[in-house]
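Student: For the sequence shown, numbering that gives the first Met the number 0 gives the first residue as 0, with consecutive numbering after it.
The set of hints was computed from the structure by calculation and includes no laboratory data.
For each residue, glycine too, the CB sits at the ideal point set by N, CA and C.
Among the hints, erroneous ones may be present.
[To be verified] Beta-carbon label-pair distances, calculated as ranges: (1) Ala49 / Asp212: 30 to 40 Å; (2) His10 / Ala103: 33 to 43 Å; (3) Pro280 / Tyr11: 44 to 54 Å; (4) Glu164 / Leu225: 21 to 31 Å; (5) Glu222 / Ser102: 48 to 58 Å; (6) Phe104 / Pro134: 14 to 24 Å; (7) Glu222 / Asp22: 29 to 39 Å; (8) Val14 / Pro293: 13 to 23 Å; (9) His274 / Ser102: 45 to 55 Å.
[Stated by the list, open to error] Subject to a maximum C-alpha distance of 25 Å in a straight line, what follows is the list of computed SDA-like cross-link-like pairs (lysine to any residue): (10) Lys204 / Leu27; (11) Lys122 / Glu112; (12) Lys204 / Gly292; (13) Lys122 / Ala91; (14) Lys204 / Asp221; (15) Lys122 / Val105; (16) Lys171 / Gly265; (17) Lys226 / His244.
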Amino acid sequence: MPYSGRMQQNHYYSVFFAPRGRDRMYDLGMQIAQMYLSPYDKLIGIIGEAGSGKSMLIKGMFPGLELTNDDNGVNMRPLPILDQSGGGFFTAHTYHLDVRFESAFVQLGVLAEAILEAIRGGKRVIVEHFDMIYPFLNVNANLLIGVGDEIIITRPTIFGPLPEELHARVAKSIGYRRMAHTAEDLCEIFLPPEEYARAKHRDIKHGFLLAFDDHAPNVDPDELELKVSTAIASDLPISYVDDEHVRIGDIVHPCTGPRTHVASTGHVEGFRLLHRIEYDPIEHCYLIAGRVGPGIGDERIDDVNDITLD
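The whole structure should be built from the sequences, with the hints applied where relevant.
Tutor: The following block contains the structure:
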């Protein structure tokens, strides 16, 4: 594989919270490209489950790139990377393909050879579901990114990590992100309208933050937790409406990540709110903090992002 640049030689891996929502994912994609992408990177592997936000991250990293699995259903045919014979100045410099989608139409061995041919020709290839094609490539990505509850950025060497290892980690964790997003939207639904209008979104481990500038929200966390817990117990169906809305029960709610949800509210496990509104003296805002998944009893604010806890 082409040399990937001295500035990146000592990079093992980095971890970010995986944001929920299109705009925040775009912003993170731009940040990752600025910090970790090298001009020498020819093979970029993206790993994650459907609805994890892989395509949004790619659009943030590579603005203007046309994805071959466009969410609007306009899928490129023939697949550009399979038709590299034209040559010339106007051929693509960067190819994209979704291995899981394309495997329904093209054998994985054929896709692998097309990827290698493009790289030999000095092109860059961005591959979603890279773990599926890796056994046919026998070469790892220059930059490997996993999208689950966290976004993991790693620069593999002959010592790893392997794509299947990254897939196992993000596939296990994506459930927390889906549960947290659903719980977050339920909290929004039960906020007073004036507080919902000024709520901003932030992330914590296995959970979410609702942030409020200027003054504390007029919200009782215990009362809000009870309302959300009742909706979770009701097992309301959740469905995609469009790129800006999700349906929870009979309510159509604004959401820029409508695919990153559980199938129904009953799938949210271990929901709880920290029992008081916290003030953040660094960001000068007030926070409502929600968690999902296994708990540790009466959590403190400084327990939430403890790296020793899973």
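Student: Take the hints in turn and mark each one as holding or not.
Tutor: Quick rundown of the hints versus the structure:
Separation of alanine 49 from aspartate 212 is about 35 Å and conforms to the stated range, judged on CB atoms against 30 to 40 Å. At about 35 Å, the CB distance of histidine 10 to alanine 103 agrees with the hint of 33 to 43 Å. For the pair proline 280 and tyrosine 11, the supplied restraint of 44 to 54 Å is violated, since their beta-carbon distance comes to about 33 Å. Checked against the given bound of 21 to 31 Å, the beta carbons of glutamate 164 and leucine 225, roughly 41 Å apart, lie outside it.
The hinted window of 48 to 58 Å between glutamate 222 and serine 102 holds, with their beta carbons roughly 49 Å apart. For phenylalanine 104 paired with proline 134, a C-beta distance near 19 Å keeps the hint of 14 to 24 Å intact. In this structure, glutamate 222 and aspartate 22 meet the distance hint of 29 to 39 Å, their C-beta atoms being roughly 30 Å apart. The supplied range of 13 to 23 Å is met by valine 14 and proline 293, whose beta-carbon atoms lie about 20 Å from each other.
In this structure, histidine 274 and serine 102 meet the distance hint of 45 to 55 Å, their C-beta atoms being roughly 48 Å apart. With a C-alpha separation of about 17 Å, the suggested pair lysine 204 and leucine 27 falls inside the 25 Å cut-off, and the hint holds. The straight-line distance between the Cα atoms of lysine 122 and glutamate 112 is roughly 14 Å, inside the 25 Å bound, and the hint therefore holds. For the proposed pair lysine 204 and glycine 292, the alpha carbon gap of about 10 Å is at most 25 Å, so the pair holds.
With a C-alpha separation of about 8 Å, the suggested pair lysine 122 and alanine 91 falls inside the 25 Å cut-off, and the hint holds. For a cut-off of 25 Å, the pair hint linking lysine 204 to aspartate 221 stands: about 21 Å separates their Cα positions. With a C-alpha separation of about 21 Å, the suggested pair lysine 122 and valine 105 falls inside the 25 Å cut-off, and the hint holds. Proximity of lysine 171 to glycine 265 is assessed by CA-CA distance (about 19 Å); at most 25 Å being required, the pair is judged to hold.
Proposed proximity of lysine 226 and histidine 244 is supported: the alpha carbons are some 21 Å apart, at most 25 Å.
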